[in-house]
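Trainee: Note that the working numbering has the sequence shown beginning at 82, numbered continuously upward.
Hint data in this document are derived by calculation from the structure and do not stem from the laboratory.
Note that the coordinates shown come from a computational prediction; the quantities given were computed from them, not determined experimentally.
Watch out, some of these pointers could steer you wrong.
Below, computed lysine to any residue pairings styled on SDA-like, alpha-carbon distance capped at 20 Å [as the list claims (entries may be wrong)]:
id : residue 1 : residue 2
1  : K592      : E525
2  : K374      : L321
3  : K544      : K374
4  : K885      : A561
5  : K359      : R618
6  : K893      : V358
7  : K359      : A316
8  : K544      : V645
9  : K893      : R317
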Amino acid sequence: MIGVVTPVRNRGAWSVDFARMLDGQDYPLFRFYAVDSNSTDGTPEALKSLNVAGASILSAPDSAYWTAATNIGVARALADGCDYILTINDDAIIPADFLRAIVSAAERAGARIVGSVIAFANTPGRLWGVGAYNDWSSGSFVQLAMAGAWDDALDELAISSNGLMPTHYLCGNGTLIHRSVFNEIGLYDVRHLPHYHADSEFTMRAERAGIERWVAPSARLFNRFTDAGDGIFAARNQRLFSLRSANYARPLIFIIDTYCPDELKAQALVRYFVRFVKEPSDRTWSRLLRIVKLIDTVAADRRVVCADFFPPSDSALRAAEDLEILLSLSDATFLSLLYPILLRRLESDEERTQHAEAIRSGCCRGDLVREILARPEAKYHWSTHTTFLSAYLTQENGSADVFASAEQHLQSAHTRLSHLPSQAEARARIDAAACLSPASEPSEALNVYMNIDVLCMAVTDPKAATGVHRYVHNVMQELARDTRINLQLFHAPQLVNSATELCAGILAGAKFAEHNQRPNTGVVFYPYFPFSGLDQRFEALPQIFTICDLFPLTNSDWFSAAAVAKFNGQLRYLTAADHLLCISAATEGAVRAVFPTLSATSSVAHLGVALHSGSYGDAASASPIASGEEPYFICVGTIEPRKNLSTVIAAMRHLRAPAVQHLRMVVVGQAGWSITAEDLTNLAGTDASRITFLGRVPDEQLWGLYSGAICTVFPSLAEGFGLPIIESFSCGTPVVTSNGSSMAEIADSGALLVDPTNSVDIAMAVEKLATDPLLRSALAQEAELRSRHFTWEACAERHIEAFKRAIARKQKTRLSP
82 MIGVVTPVRN RGAWSVDFAR MLDGQDYPLF RFYAVDSNST DGTPEALKSL NVAGASILSA
142 PDSAYWTAAT NIGVARALAD GCDYILTIND DAIIPADFLR AIVSAAERAG ARIVGSVIAF
202 ANTPGRLWGV GAYNDWSSGS FVQLAMAGAW DDALDELAIS SNGLMPTHYL CGNGTLIHRS
262 VFNEIGLYDV RHLPHYHADS EFTMRAERAG IERWVAPSAR LFNRFTDAGD GIFAARNQRL
322 FSLRSANYAR PLIFIIDTYC PDELKAQALV RYFVRFVKEP SDRTWSRLLR IVKLIDTVAA
382 DRRVVCADFF PPSDSALRAA EDLEILLSLS DATFLSLLYP ILLRRLESDE ERTQHAEAIR
442 SGCCRGDLVR EILARPEAKY HWSTHTTFLS AYLTQENGSA DVFASAEQHL QSAHTRLSHL
502 PSQAEARARI DAAACLSPAS EPSEALNVYM NIDVLCMAVT DPKAATGVHR YVHNVMQELA
562 RDTRINLQLF HAPQLVNSAT ELCAGILAGA KFAEHNQRPN TGVVFYPYFP FSGLDQRFEA
622 LPQIFTICDL FPLTNSDWFS AAAVAKFNGQ LRYLTAADHL LCISAATEGA VRAVFPTLSA
682 TSSVAHLGVA LHSGSYGDAA SASPIASGEE PYFICVGTIE PRKNLSTVIA AMRHLRAPAV
742 QHLRMVVVGQ AGWSITAEDL TNLAGTDASR ITFLGRVPDE QLWGLYSGAI CTVFPSLAEG
802 FGLPIIESFS CGTPVVTSNG SSMAEIADSG ALLVDPTNSV DIAMAVEKLA TDPLLRSALA
862 QEAELRSRHF TWEACAERHI EAFKRAIARK QKTRLSP
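Throw the hints in and build the complete structure from the sequences for me.
Mentor: In structure tokens form, the structure reads like this:
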């Protein structure tokens, strides 16, 4: 008998979904204990109405979620005689054989604690975690193992002879525990770990008791967890004194104090803080210092007062207290805090060794502090305390009577704090300051770090110079000339030679991001997937990606197996995206349909084309086709199955009427895959003499070919945008194109829309345009007007709007309490 214990609170839809999945399990012997912590959304009522067999809906106070509520369910399951307890959350998505898989694995191995492989529900193949671990020296404790890895990484893990994978610790989501374990080590620790990390600590206790912990490879569940909303860097998890924050100080202190070796305690907490708390304020650093002081104190001498963890509001007073506390710590702890407190960063191994040797040799701590504070690096963080620092740095005595050295300044601070302004007074001061601000002061340019891997790749591989290449090049030029943007380019290290060559040409005078740069303002922009991974220099910035289409994922038969595999790997980058720029509404709709729970926001930025004027006679004459007397229509695009040229060739057979029997088909585009120009020529049969393949041509010649054509035929099976449509429009040439995907959206009334799979439809549309000058003239005029809606300036403007919104959202997240 399995007791399934699930704490629930105000996630009614998920709770009901989970109960239904549990009801559909093929394992018959289980009881379901849903412990509701005072939900206000009708969760307990909804669960009761399902009438799931063996279900008990238990009540708990609001404060019970997670640990106390879980204990209520576990205690009830044990009292009911359950042999195993499965703790699992209501955000889990489980297959119908989940219970059978995990119970069978535990029974076969005789294992008393068995966890699950947990994957992200919204990113197939990406692992949320496979067990957990503690690495005290690096500050990575109570961390998920293999977090963010992909399924194939499981192949590298060792499988024991019992069919299970050994693990250090486990989370409470999908963990099966034999009743004897609770009898031996007790329930979860409510007092010290009321919400987060009680599950990990439970298995740490089990380790001390000699109980092995395992993961069953066959037991897989998926959770609705998202990095942005629930991950360690989510806004609520950046609060050190919030009960439901993963960085809540109380459980972290308890776990370190109970399980970490004494010599690593301070180091573990400080490194954890630096790794997992983003852009902490001065007050947050000050709180950390006070927490470490508590850990540094012998347990018997500790006197915990809540006020000790709330530093003074006045920055100078807080700085003085911080230095006094720093100088009072034990040697090892002092060294662990020296650089984090003074320079807001971790020390290097060389720096730590150097200062440890100085302490051993009897060097005065005050002298070490003064030496570090005198560095230019320190002035950036302590610039607001110049009066206080000047007093401190000139002390002859390094013994750190910090308050005495800053007495005059602190007295002034206390005087300033003696009267707090009323709300009305504060508003008046703000309004007065606003009046004094110059209204015309120019705003600071927005830093945009743009990846140019696509441009670099085209230097050595001409096939990379596709529509994506045209898009990247034109948007880059528009952003570079916009005075609101400070554009800095970057590329994969492997492409440095190509970038150097580009700098002598189209990138002459461009500004590149510095190699040692780690900016904290602006955005990083990937106009296509990067060549070799995300650039970690820009990890603190909002991540903006452009999505052209999802066809290798949704229509894999149109592409080579290698291209599909590569694209599927590239899609993993979307998990890091803050915003997606889609080149059409059709593309945006596809993204939302395929990835409905993707955390990134999205918007549409239609591509553009340079608006042309004048005649293309000179350019056209460069082509013997365009300068001939026989009329022709043009097809533009890479020669590959998706472009559907075979159906256009089939349409040629229907163009036999006298008025169109001499009409030629001109194909412009480089070879792609699976089908060649020779294949298409053979397919044409007797019409082969009417078809000319020009391959890739220079832009000037392409514009001439557009201008000289009766029409452009673009019957692609699917497109993210369809640049040839707008390019043809800008030359005043009407288009015959597909009635689906993005093509109808882009072409609108400037084209004849056809079923791309029907060769007769295509032939009839071409014949109409070839034989009806009035229709052709009307469509040409409409096409030219339509093209004016699609400019690279407008495209770049949509990008800038998205950049600003992404930054605003990031700032709002950081400011959220």
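Trainee: Now look at each hint and say whether the structure bears it out.
Mentor: Comparing the hints with the structure gives:
no.: 1; hint: K592 - E525; in the structure: holds, 17 Å
no.: 2; hint: K374 - L321; in the structure: holds, 16 Å
no.: 3; hint: K544 - K374; in the structure: violated, 61 Å
no.: 4; hint: K885 - A561; in the structure: holds, 16 Å
no.: 5; hint: K359 - R618; in the structure: holds, 15 Å
no.: 6; hint: K893 - V358; in the structure: holds, 16 Å
no.: 7; hint: K359 - A316; in the structure: holds, 9 Å
no.: 8; hint: K544 - V645; in the structure: holds, 17 Å
no.: 9; hint: K893 - R317; in the structure: holds, 12 Å
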